[in-house]
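Chemist: Taken in sequence, the protein lines are chains A and B. Note that my numbering numbers the first sequence so that position 85 is 85, with each residue one more than the last. Note that my numbering numbers the second sequence so that position 66 is 66, with each residue one more than the last.
Hint data in this document are derived by calculation from the structure and do not stem from the laboratory. Treat each hint with caution, since some may be false.
Under the rule of at most 25 Å between Cα atoms (straight-line distance), these lysine to aspartate or glutamate pairs were calculated in the DMTMM-like manner [to be verified]:
(1) Lys42(B) <-> Glu85(A)
(2) Lys62(A) <-> Asp2(B)
(3) Lys11(A) <-> Asp39(B)
(4) Lys68(B) <-> Asp102(A)
(5) Lys44(A) <-> Glu60(B)
(6) Lys63(B) <-> Asp102(A)
(7) Lys78(A) <-> Glu68(A)
(8) Lys62(A) <-> Glu1(B)
(9) Lys44(A) <-> Glu17(B)
(10) Lys42(B) <-> Asp63(A)
(11) Lys42(B) <-> Glu68(A)
(12) Lys44(A) <-> Asp39(B)
(13) Lys15(A) <-> Asp102(A)
(14) Lys69(B) <-> Glu56(B)
(15) Lys57(B) <-> Asp102(A)
(16) Lys15(A) <-> Asp86(A)
(17) Lys83(A) <-> Asp102(A)
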Amino acid sequence: EAGVAQSPRYKIIEKRQSVAFWCNPISGHATLYWYQQILGQGPKLLIQFQNNGVVDDSQLPKDRFSAERLKGVDSTLKIQPAKLEDSAVYLCASSLTSASTDTQYFGPGTRLTVL
Amino acid sequence: EDQVTQSPEALRLQEGESSSLNCSYTVSGLRGLFWYRQDPGKGPEFLFTLYSAGEEKEKERLKATLTKKESFLHITAPKPEDSATYLCAVQITGRRALTFGSGTRLQVQP
Numbered sequence: 001e002a003g004v005a006q007s008p009r010y011k012i013i014e015k016r017q018s019v020a021f022w023c024n025p026i027s028g029h030a031t032l033y034w035y036q037q038i039l040g041q042g043p044k045l046l047i048q049f050q051n052n053g054v055v056d057d058s059q060l061p062k063d064r065f066s067a068e069r070l071k072g073v074d075s076t077l078k079i080q081p082a083k084l085e086d087s088a089v090y091l092c093a094s095s096l097t098s099a100s101t102d103t104q105y106f107g108p109g110t111r112l113t114v115l
Numbered sequence: 001e002d003q004v005t006q007s008p009e010a011l012r013l014q015e016g017e018s019s020s021l022n023c024s025y026t027v028s029g030l031r032g033l034f035w036y037r038q039d040p041g042k043g044p045e046f047l048f049t050l051y052s053a054g055e056e057k058e059k060e061r062l063k064a065t066l067t068k069k070e071s072f073l074h075i076t077a078p079k080p081e082d083s084a085t086y087l088c089a090v091q092i093t094g095r096r097a098l099t100f101g102s103g104t105r106l107q108v109q110p
């Protein structure tokens, strides 16, 4: 079974530029998450989708971050404009979210460096 | 506020030297506690889920336990390939997203 796919794996941009990340979850997984992991810290939730609807975006900096999940499969996370403090690894995760299991499976992440 | 604290931040062991990693939590209502392993440059890899106090789960050299306030990840006779960052996360009742601790960086020397 294929895992969670993310691209690109690495991105370097100047501050105030825009950037987008793509995620393809495990087939059949209805729930998709975007997490931000700053070096030396654990992942922090940015946004959670159930199918193509937003369930939790309380920690998403909405003045610069946006995300969408069209057709309830792939998702895109965008940052516009980027700040130095956005340098981090952006992790996508998906889960089946049935009554008996909620295990989240993570992709390899996209490492963003903002100069 | 829900909090997850992991200790120690870093741990260096000799091959074969058993030890335990700690994850203490303060949450409004625990639905589940998750352990993940993260290798450099990779995403977290799922290890265990624990749902109730007293529950234990094992996988190879790893055993996870859960009490009402903390979880332990016991590593028995570790090998160099066990070197990684181990992350603990909690799932709060009514919320599916995970709240992570900062992790324990484990290094096992041959």
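Chemist: State for each hint whether it applies.
Modeler: Against the structure, the hints come out as follows:
For the hint linking lysine 42(B) to glutamate 85(A), the alpha-carbon distance of about 21 Å falls within 25 Å, and the restraint holds. Straight-line distance between C-alpha atoms of lysine 62(A) and aspartate 2(B) comes to about 23 Å, which keeps the hinted pair within the 25 Å bound. At roughly 20 Å between alpha-carbon atoms, lysine 11(A) and aspartate 39(B) fall within 25 Å of each other, so this suggested pair holds. Only pairs whose Cα atoms come within 25 Å are accepted, and lysine 68(B) paired with aspartate 102(A) is accepted, the gap being roughly 20 Å.
A C-alpha spacing of about 29 Å is found between lysine 44(A) and glutamate 60(B), which places the hinted pair above 25 Å, so the restraint is violated. Between lysine 63(B) and aspartate 102(A), the direct Cα distance comes to roughly 20 Å. Compliance with the 25 Å bound is thereby established for this hinted pair. Among the hinted pairs, lysine 78(A) with glutamate 68(A) is consistent with the structure: their alpha-carbon atoms are about 9 Å apart, no more than 25 Å. For the hint linking lysine 62(A) to glutamate 1(B), the alpha-carbon distance of about 22 Å falls within 25 Å, and the restraint holds.
Restraint check: the Cα-Cα separation between lysine 44(A) and glutamate 17(B) comes to about 32 Å, which exceeds 25 Å; the hinted pair is violated. For a cut-off of 25 Å, the pair hint linking lysine 42(B) to aspartate 63(A) is broken: about 29 Å separates their Cα positions. With a C-alpha separation of about 24 Å, the suggested pair lysine 42(B) and glutamate 68(A) falls inside the 25 Å cut-off, and the hint holds. For the hint linking lysine 44(A) to aspartate 39(B), the alpha-carbon distance of about 18 Å falls within 25 Å, and the restraint holds.
For the hint pairing lysine 15(A) with aspartate 102(A), the CA-to-CA distance comes to about 37 Å; that exceeds 25 Å, so the pair is violated. Only pairs whose Cα atoms come within 25 Å are accepted, and lysine 69(B) paired with glutamate 56(B) is accepted, the gap being roughly 15 Å. The straight-line distance between the Cα atoms of lysine 57(B) and aspartate 102(A) is roughly 17 Å, inside the 25 Å bound, and the hint therefore holds. Using a Cα cut-off of 25 Å, the hinted pair lysine 15(A) and aspartate 86(A) holds, with the two alpha carbons roughly 9 Å apart.
With a C-alpha separation of about 33 Å, the suggested pairing of lysine 83(A) with aspartate 102(A) is violated against the 25 Å cut-off.
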